[in-house]
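Trainee: The residues making up each chain are set out below.
There are 2 protein chains.
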Amino acid sequence: MYVLLVYDIREKRVGKMLKLCRRYLNWIQNSVFEGEISEVKLKELLLKAESFLDLNEDSVLVFKSRSQQWLEKEVLGQERSRLGDFL
Amino acid sequence: MYVLLVYDIREKRVGKMLKLCRRYLNWIQNSVFEGEISEVKLKELLLKAESFLDLNEDSVLVFKSRSQQWLEKEVLGQERSRLGDFL
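As you go down the protein sequences, you meet chains A and B in turn. Everything in the first sequence is counted per the working numbering, starting at 1 for the first residue and increasing by one. Everything in the second sequence is counted per the working numbering, starting at 1 for the first residue and increasing by one.
Because the hints were derived from the structure by calculation, they are not lab data. Note that this is a predicted model, so its numbers are computed, not measured. Note that beta-carbon positions come from the ideal geometry of N, C-alpha and C, so glycine has one too. Careful: at least some of the hints might be erroneous.
To be verified - Cut-off 30 Å, straight-line C-alpha distance, at most; resulting in silico cross-link-like pairs (DSBU-like, lysine-lysine):
1) B:K12 / A:K73
2) B:K12 / A:K12
3) B:K16 / A:K12
4) A:K64 / A:K19
5) B:K43 / B:K12
As the list claims (entries may be wrong) - Derived, one-sided and incomplete: chain B residues facing chain A with beta-carbon distance under 8 Å:
6) L18
7) L25
8) E36
9) I37
10) V40
11) A49
12) E50
13) L55
14) L61
15) S65
16) L71
17) E72
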């Protein structure tokens with residue numbers, strides 16, 4: 001399935017979260033990832049995230065769609081995925 | 001249609017963008033909005049945003065879906081929309 005993951009977490013945990021998410025999904029904006037992922041792999045990602053996030057302060061939203069075709073994307077400005085390759 | 005809007009913009013323009021987006025959509029996380037909106041209203045929102053954003057530095061992603069039913073949402077931590085009511 002196709003997912004869109006957006007997080008809003010405390011600065012001190014951002015590096016860890018970014019690194020984790022990039023192992024599973026494509027980075028498209030500051031705190032936004034997208035990609036094809038299985039239900040099992042997504043669960044794995046979220047469990048790992050929960051292990052270090054503080055869910056009173058942090059939040060992660062995941063939007064799932066059976067197919068990316070169902071979502072049309074419009075971009076103003078630049079997508080960051082290019083930049084991501086150098087970090 | 002249902003849209004999900006995510007922005008990553010310079011701090012000095014965040015207040016203006018937040019205020020603009022809240023006139024059209026529901027705030028669900030730091031820089032994330034969702035809601036039902038017409039194509040015309042969305043265009044209006046994006047034109048207004050473009051008038052003050054610097055698209056070399058800022059980016060706005062809009063994901064459109066004909067119906068919210070096509071997207072399943074999973075939340076870790078808290079959705080911010082409640083908080084938004086007080087700001």
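Trainee: Would you mind marking each hint as holding or not holding in the structure?
Mentor: Going down the list of hints, with the structure as the test:
Only pairs whose Cα atoms come within 30 Å are accepted, and K12 (chain B) paired with K73 (chain A) is accepted, the gap being roughly 26 Å. For the suggested pair K12 (chain B) and K12 (chain A), the alpha carbons sit about 22 Å apart, so the restraint of at most 30 Å is met. Between the alpha carbons of K16 (chain B) and K12 (chain A) the distance comes to roughly 27 Å, so the proposed pair stays at or under 30 Å and holds. Distance check on the hinted pair: K64 (chain A) and K19 (chain A) sit about 21 Å apart at the alpha-carbon level, within 30 Å; holds.
Restraint check: the Cα-Cα separation between K43 (chain B) and K12 (chain B) comes to about 23 Å, which is no more than 30 Å; the hinted pair holds. Interface hint at L18 (chain B): violated, since its Cβ lies 13 Å from the closest Cβ of chain A, which is beyond the 8 Å cut-off. Nearest Cβ of chain A to the Cβ of L25 (chain B): about 14 Å, over the 8 Å cut. The hint is violated. Of the supplied interface hints, the one on E36 (chain B) is violated, with its beta-carbon coming no nearer than about 15 Å to a beta-carbon of chain A, more than 8 Å.
Annotation: I37 (chain B) was flagged as interfacial toward chain A, and the flag is violated, the nearest CB pair being 12 Å apart, outside 8 Å. Because the closest C-beta pair between V40 (chain B) and chain A is about 14 Å apart, greater than 8 Å, the hint is violated. The closest approach between the C-beta of A49 (chain B) and any C-beta of chain A is roughly 7 Å, which is under the 8 Å cut-off, so the hint is satisfied. Annotation: interface hint on E50 (chain B) holds; nearest CB of chain A at approximately 6 Å, less than 8 Å.
A least Cβ separation of about 4 Å between L55 (chain B) and chain A falls short of the 8 Å threshold, and the interface hint therefore holds. Contact between L61 (chain B) and chain A, as hinted, is supported at the beta carbon level, the nearest pair being about 6 Å apart and thus within 8 Å. For S65 (chain B), the interface hint holds, since its Cβ comes within 8 Å of a Cβ in chain A; the closest pair sits about 5 Å apart. Hint status for L71 (chain B): holds, given a least beta-carbon distance of 5 Å to chain A, under 8 Å.
A distance limit of 8 Å between C-beta atoms decides the matter here; for E72 (chain B) the minimum to chain A is near 4 Å, and the interface restraint holds.
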